[in-house]
Structures are given as C-alpha cells and as structure tokens.
Amino acid sequence: MILKMAQKSLFANARNTLWILAALSVSASLIAMFATVSFDLEKKMTTALRKSGPNAAAFFHLQGAGREAQSGDWRTFRKIIRQRGIPAAWLSFEIVTVQGKPVILALADSKELARLTPSWFVMGSRPKEEGECMVGKRVADLWKLRLGEHLLMQSLRAGGSVKKMNCRITGFVLSGDENEDRIFVSHAPLEFRDFRLHSALLSIPQGEEGIQKMNQGLHESGISIEIKALREIVYGERATLKKIVLLSGTASLTVFILTVLGVSSALLSRILERKKELALLQAVGATGRSLGGFLLLEALLIAVTASVIGCAVGTLLSEWLARKIFYVSVTPQWITLPITFVITLIVSVIAAGLGVMRALSLEPAIALRGE
Amino acid sequence: MSKAIIALHQVHKYYLKGVHALQDVNLSIEEGQWTAMMGPSGSGKTTLLNLLDGLDRPSLGRIEILGIDTSRFSADNWTVFRRENIGLVFQQFYLIPYLTALENVMLAQYYHSMADKRQAQKSLEEIGLGARMHHFPSELSGGEQQRVCIARALINEPKIILADEPTGNLDEDNEKIVMDIFHKLDAERKTVLMVTHNPNLGRLADRRIYLEHGRVKHEHWV
Numbered sequence: 030m031i032l033k034m035a036q037k038s039l040f041a042n043a044r045n046t047l048w049i050l051a052a053l054s055v056s057a058s059l060i061a062m063f064a065t066v067s068f069d070l071e072k073k074m075t076t077a078l079r080k081s082g083p084n085a086a087a088f089f090h091l092q093g094a095g096r097e098a099q100s101g102d103w104r105t106f107r108k109i110i111r112q113r114g115i116p117a118a119w120l121s122f123e124i125v126t127v128q129g130k131p132v133i134l135a136l137a138d139s140k141e142l143a144r145l146t147p148s149w150f151v152m153g154s155r156p157k158e159e160g161e162c163m164v165g166k167r168v169a170d171l172w173k174l175r176l177g178e179h180l181l182m183q184s185l186r187a188g189g190s191v192k193k194m195n196c197r198i199t200g201f202v203l204s205g206d207e208n209e210d211r212i213f214v215s216h217a218p219l220e221f222r223d224f225r226l227h228s229a230l231l232s233i234p235q236g237e238e239g240i241q242k243m244n245q246g247l248h249e250s251g252i253s254i255e256i257k258a259l260r261e262i263v264y265g266e267r268a269t270l271k272k273i274v275l276l277s278g279t280a281s282l283t284v285f286i287l288t289v290l291g292v293s294s295a296l297l298s299r300i301l302e303r304k305k306e307l308a309l310l311q312a313v314g315a316t317g318r319s320l321g322g323f324l325l326l327e328a329l330l331i332a333v334t335a336s337v338i339g340c341a342v343g344t345l346l347s348e349w350l351a352r353k354i355f356y357v358s359v360t361p362q363w364i365t366l367p368i369t370f371v372i373t374l375i376v377s378v379i380a381a382g383l384g385v386m387r388a389l390s391l392e393p394a395i396a397l398r399g400e
Numbered sequence: 002m003s004k005a006i007i008a009l010h011q012v013h014k015y016y017l018k019g020v021h022a023l024q025d026v027n028l029s030i031e032e033g034q035w036t037a038m039m040g041p042s043g044s045g046k047t048t049l050l051n052l053l054d055g056l057d058r059p060s061l062g063r064i065e066i067l068g069i070d071t072s073r074f075s076a077d078n079w080t081v082f083r084r085e086n087i088g089l090v091f092q093q094f095y096l097i098p099y100l101t102a103l104e105n106v107m108l109a110q111y112y113h114s115m116a117d118k119r120q121a122q123k124s125l126e127e128i129g130l131g132a133r134m135h136h137f138p139s140e141l142s143g144g145e146q147q148r149v150c151i152a153r154a155l156i157n158e159p160k161i162i163l164a165d166e167p168t169g170n171l172d173e174d175n176e177k178i179v180m181d182i183f184h185k186l187d188a189e190r191k192t193v194l195m196v197t198h199n200p201n202l203g204r205l206a207d208r209r210i211y212l213e214h215g216r217v218k219h220e221h222w223v
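These protein sequences, in sequence, are chains X and G. The opening residue of the first sequence carries number 30 in the numbering used here; numbering runs sequentially from there. The opening residue of the second sequence carries number 2 in the numbering used here; numbering runs sequentially from there.
For the record, the hints were derived by calculation from the structure and aren't laboratory data. Among the hints, a few may not be true.
[What the hints assert, rightly or not] Below are the BS3-like pairs computed for lysine-lysine, each with C-alpha atoms no more than 27 angstroms apart in a straight line:
{"hint": "1", "chain 1": "X", "residue 1": "Lys304", "chain 2": "G", "residue 2": "Lys18"}
{"hint": "2", "chain 1": "X", "residue 1": "Lys305", "chain 2": "G", "residue 2": "Lys18"}
{"hint": "3", "chain 1": "X", "residue 1": "Lys305", "chain 2": "G", "residue 2": "Lys160"}
{"hint": "4", "chain 1": "X", "residue 1": "Lys37", "chain 2": "G", "residue 2": "Lys18"}
{"hint": "5", "chain 1": "X", "residue 1": "Lys130", "chain 2": "X", "residue 2": "Lys33"}
{"hint": "6", "chain 1": "G", "residue 1": "Lys218", "chain 2": "X", "residue 2": "Lys305"}
{"hint": "7", "chain 1": "X", "residue 1": "Lys33", "chain 2": "G", "residue 2": "Lys18"}
{"hint": "8", "chain 1": "G", "residue 1": "Lys160", "chain 2": "X", "residue 2": "Lys37"}
All figures in this text were calculated on a predicted structure; none of them were measured in a lab.
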C-alpha cells in the first residue's frame, strides 16, 4: 500500500520529482565515472597491466649492418626470448604505398599482439585471417577509410617489380603513439614475407632490472639488438591518470556537496508544498515514524532510479574520457553500482532526513488550515 | 445514565498575537450522544474540535477522552489514540489527490491495522459510491468527496466521530445525503460531535452547544 502510494505521489509531483532525480542522477553519474576511472582505468594503466602488456621494445641497433647479419641476430634473439618464456609480439615492417602515398605495413601475429597491447582501443576487430588488416586511426582518417572496405597496398621490390596485397579492413586502432600511422596484418602472402625491419614488444620480468640484465647478456653474446624500456610512456600515462583522478575526485566532491544542498532544498520545498497532505496523513493515523518512512521511501525510489541512470551515464562518460585521453576502452565494473547506490542513498537520506525533521515539526491543525 | 466519553476541564487556547480562542471551557459529552457545536465564525468551534482530535493542544486545562487524560500525550500517542478511537470528517474533505476514492479509504485502514479492500469497497457501496470508487478526488463532485471522507472516517469503526462543517461546502441535494448518513449514525448510537453553521443539521442533534468569543454561551438539549 505504502509503496504504491509513494510511487503515485512521485508521479503526482512529477516536476519536483524530475528535478530531484536530475540532480541525483548528475551526482550518481560523476560518482560512477570517478569509481570506474579509479578502479578500471587505474588497473589498466598501472604496472599490473604492464606485466601482461609490454614494458620494453627491442630493435636492431647496428645501422648499416648487412641483411644476413641482421637476420641471424634476430633469429638468435627470438630463440633466447622463446627459451626464457618471455611474452613477446614480433613485428616486421615494410614500406608500402596506398593510393600512391607511403605508409608502414606491420606484420604481427594477431594473438601475440593482442596479448601485448591490451591498452590499444580497437574499433571493430583485430585481423585474424589472411586478407584482413587493421588500420591505425590516423591513416584511416587521412584516407577516410571505413570498416569492411578493401585496401590495396603496393610494394616496390628489388628489380623494379611491384607486388600487391589486397586486404579488408576489420578494425581501426587507437594506440596513442606512432602505431596509429601503421597498417597491421596478421598474415601476409608469401611474396610479402621478406620484411627488412624487425622489432618486438616484450614483457620482461623484473622490469628495468630485467631489461638491463638482458641488454648486458645480448651485448656479451655479440648480438646487435637493444632493448629499450617503455617506462616513460607508462609513467606519463600514470601521471596523467593521477591528475585525472585528483581532478575528477575534486569535481565529484564539489558536485556531491552541491547535490546534497540542491536535493535537500528540493526535498524541503517538496515537503512544504505538501504540508497539507502530510498533516492529513497524520490526521488519518500516520505516526512520525511512518510519515518519515513514507518520505524516506520516496527518496529511496528516486535514489535507486538515479543510481541506475548514473551508473549508465557515468560508465559512458568514463568510456569517453578514457578514449579521449588514454585511447583505451573501459570495462564496466560491477563494484561501481553498489558504490554509486550507497553514496546516492546517503545523499538522499541526508536530504530526506532534513525534510522529515521539517515535516514532523509542522503543526497538523495549522498545516490543514493552509497557513 | 450514559457515561461521559469526552470531558473538558477549564480548557483555554491562546494563539500568538494575544488571540484567546477558547476561554475556560468545561464540557462533558456522553456516549452515544449527537452534539452540535454552533456559533458565529471565530467563536472557537473549530479550535475546540482540533483540541478534541489532538491536531492541536490546549494552552491550559485538561481534556479526557474515553476516561484517558490526553494532556500528557505526545504527538505519536495522539496519532495512535486518534486512529484507534476517532473518525474525522472535514469541511474541505482533505482527500489525498493522487489516490482513488477506494485507496483513500484503504489508507485509513492501513494506518489503523491493515488495508482490507473488500471492506473498503463495501463501505463505499453503502454510501452510494460503488461506481465511483476508482475515481480520483478531482473526478468526484463535492458531495461525493465528502462521502468518501465520511467513509474514511467510519471505516475503522471509531468510538467518536468529530465532524467540522460536514455540509459546509455542499449543495442542497448533497447536504441531504450527508444528513441521512449522520441520521444513520445517530440511530446506531454513535457519539458524534459536529461543528456546524447549518441550523437544519444542528436541529437534528441531541444537544446543541452555542459558543461565542471562545466561551460556552448556552446549551440546548432535545
């Protein structure tokens, strides 16, 4: 009975209900966004992620070395990495032309690359089959490419022969670095497999210490390959993340306080507008406790709705924020729902509590006279 | 001889700005009696009624209802006492606008003990509102709203019915319907205390008390 009455009362005072709902939803959205950024994005950006993602990149450093020497060293290096069980994504590069303009084509096993680049945001999917490719966002924007479109790449080979490769675009990649200027394929036709430049993304255990040891070992073995730590990127991202968390935390706190004030005043005005109705409820038998319960139930219904709206909007906001700044996609976190709900509920209870105190201080006889 | 169900002892009511609404009122109302409280506007009739239903408190004096001294009642004590023993009928009906006629009646049941839809439907059918029970107050005429208000007041079978100008806002036809309901209550020997300006309604009562300037001026027994 009382739940039905609370629902009807909320609909009957629709304008006021909407105002409170809007204020609480804004607050809930910011709380959900803040929680998502704090939990999900931090997880993705911290070293925990980097343990599974790359923390180093390997290059052939001896410029001008013969192709045979390069291939030999690279083969040995691959063997060492495989033996030590270090997660790696092997990349080979070639300059190709698309619509007459040069672009770097990267060949990498899709699964290996996906494992080492979880922070990349891929619109669509990564290439799996031969004849499929993933295009860097900047390349896609330059040629106004669309998903599913076919791309013709040409490569000038020794002796002046031109080799062609046609691929269907399965995804666009947002990595936030030079990889956005590249085209990625997982498989290449035989005639395209003589790539000259090689690189590897590595996830080396023990971080910088491990990288240093490995570089030393390579140097002692006379292998002309150098491994560089990717820490600057990681530290840069983490510093930005910290600033964002601090900024969104401060903004959320400010909005939280303003919302408590706004919702309190809206609930108070709602109660003052309804003082005759509340006096009548007392006249027909509602004790202070049941009257307070009724008003709190109304606030609870609004808080639940605002929490659901807030979680959805907050997740979208954090997705937008993450894509804009970090080029990663957020994973909705279930923990944000109870956090948002509890905080929204606290705001509502504080605001409703003030209203209830006011409602209970009303003199029913005076309120019924409309004074 | 019937016992006194309501007793007022030297009751005064002051408001701010020096308004003395009731002065030294001493009254005794017996069980099963239909009492009409009459007098000009501002004589203190409604104030007296509000003291008897606990919506307002006397500034001085003591009120006993059903043999219980109410002067030390808290607001919640009064609410519980009222919903157990008193039915209220208002001049302005005071129905909850977003509840149907049936729900308005069920609300009083809910706060008293538990909502009983069938009993609430029956009570509305008895006063001729069977076809209008699912209508909202805004869809009902003044007379119909007053009947819903009466059904709400009677649904928990109160020992005392306090009515403030129950026909004050009604036309002649509806006034007659409401008067018939009060007649029926009188026949059932319910204790009714009614504030009214209406001499026709006042004449039906067993006892008429005239108030003037917050004092009992005179009484008339039938």
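Verification of the hints:
no.: 1; hint: X:Lys304 x G:Lys18; result: 23 angstroms, holds
no.: 2; hint: X:Lys305 x G:Lys18; result: 24 angstroms, holds
no.: 3; hint: X:Lys305 x G:Lys160; result: 26 angstroms, holds
no.: 4; hint: X:Lys37 x G:Lys18; result: 40 angstroms, violated
no.: 5; hint: X:Lys130 x X:Lys33; result: 68 angstroms, violated
no.: 6; hint: G:Lys218 x X:Lys305; result: 32 angstroms, violated
no.: 7; hint: X:Lys33 x G:Lys18; result: 43 angstroms, violated
no.: 8; hint: G:Lys160 x X:Lys37; result: 32 angstroms, violated
Figure legend: structure checked against the earlier numbered hints; hints not met, in rising order: 4, 5, 6, 7, 8.
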